[in-house]
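Heads up: the sequence lines are chains X, H and R, in that order.
For the first sequence, this note's numbering gives the first residue as 1, with consecutive numbering after it.
For the second sequence, this note's numbering gives the first residue as 1, with consecutive numbering after it.
For the third sequence, this note's numbering gives the first residue as 1, with consecutive numbering after it.
A portion of the hints provided could be inaccurate.
Label-pair ranges, simulated between beta-carbon atoms [unchecked claim]:
id : chain 1 : residue 1 : chain 2 : residue 2 : range
1  : R       : L66       : X       : I5        : 44 to 54 Å
2  : R       : G28       : H       : F26       : 32 to 42 Å
3  : X       : I19       : H       : S42       : 28 to 38 Å
4  : R       : R84       : X       : I19       : 27 to 37 Å
Sample of chain H residues with no beta-carbon within 12 Å of chain R, all distances over it, derived [to be verified]:
id : residue
5  : S13
6  : I31
7  : K32
8  : I34
9  : M39
10 : A41
11 : G57
12 : V74
13 : I107
14 : K111
15 : R113
Everything labelled a hint here was simulated from the structure, so no lab data went into it.
Ideal Cβ placement from N, Cα and C applies to all residues, glycine included.
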Amino acid sequence: MLSKIVRTVANQLMLFILIFGLYIIAHGHLTPGGGFQGGAVVVSGVVMLLVAFNSKELKKSLRERLLSIMESTGALIFIALAFAGLGTVFFYNFLVGSPIFGHIPTPGPNPGDFWTGGFIPLMNFAVGLKVIAGLSAVVLAIALFARGEEMEE
Amino acid sequence: MENIAHNFPFVASALLLGVAFYIVIFRKNLIKLIMGIAMMASGVNLFIVALGYRTGGNAPIYTDVPPGPMVLSVPQALTLTSIVINVAVLALMLTMVIHTYRNTGDIDSEKSRKLKG
Amino acid sequence: MRRAIGLFLWLVLVASLVSGMLLIHPFGDPSPTDMDDYIIENAQNQTGSNSVVASVVFDYRGLDTLGEATILFTAVTGVLLLLRTQKRKEEGS
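This is chain X alone, in the form it adopts within the complex (with noise of 0.2 Å):
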């Protein structure tokens, strides 16, 4: 553990972290990243914390159990939306048109509408609830293991 100025700056400095990589995540259809970049930045936030803190404090915060909840609801998520447009063929991308997620861009280069895209911003959201979930226990669990203790089942 750090010392004190260090843990104060790390805890502001992860709010600002989470929102730049949910703003990467959400804006994939619009400019460069996703969900696989997104999701890198916030667990490089998780690896900041794991440093400031030990690693015995953060695991008090970021259970096992949430962590697996996570990264299958999005695995889950995505499945779910690869299957819903099998009327006429797997993977079909069937929001384009619908009210939800449907306009049309204008042709050429454009300032960008957020509400384009058809069913890209949802898989972009699970593929980046996955990787934050998965790299972070990947994380903390090598951690965990250098010190002599396993991750509480």
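Given chain X, put chains H and R in place with the hints provided.
Here is chains H and R on its own, set in the frame of chain X:
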């Protein structure tokens, strides 16, 4: 010789692959082997992205793009998949090295060869 | 002796890689680009998103992303399975 200067990104990725092959063949420390495999992955990703470049092209995203041709978009999607798979394989390799060190006390790849019960 | 043969074979490998890189198409001029031209033309109408790379990853080549999500899931499960400590209880294994 001017062909090397014109195709230099491809030659740079081949040199990265060459250095990575030297590390994987000739070094015995397990951590250095893992670093060599990661370097091999970097060389391959650079090669795939450099294959799809058009001179004077812009990024293939239509939000506020300046006029002109666009670079090819399918190699960039394949590189994304490749990077994620390399991260997953690297995590598994590091876990194996932790277990080997804990059971044998040594990270020399010549000494920890036999699988003992 | 073995080390000399190994070094020679490594030099042959690097030389063949570098000389193979000079036989590919010149940098900046990829020759058959029919598939990519079709995707860049029609990605905004058919998919409805501004980013061609996101629509290739999730719509035109979505099965690759499904396989990649499976690999990520399997790797995380494997790492968490291997990093458990055994607590030996009193009544044997």
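How the hints compare with the structure:
| no. | hint | in the structure |
| --- | --- | --- |
| 1 | R:L66 with X:I5: 44 to 54 Å | holds, 46 Å |
| 2 | R:G28 with H:F26: 32 to 42 Å | holds, 36 Å |
| 3 | X:I19 with H:S42: 28 to 38 Å | holds, 30 Å |
| 4 | R:R84 with X:I19: 27 to 37 Å | holds, 35 Å |
| 5 | S13 | violated, 8 Å |
| 6 | I31 | holds, 17 Å |
| 7 | K32 | holds, 16 Å |
| 8 | I34 | holds, 14 Å |
| 9 | M39 | holds, 14 Å |
| 10 | A41 | holds, 14 Å |
| 11 | G57 | violated, 9 Å |
| 12 | V74 | violated, 6 Å |
| 13 | I107 | holds, 17 Å |
| 14 | K111 | holds, 19 Å |
| 15 | R113 | holds, 17 Å |
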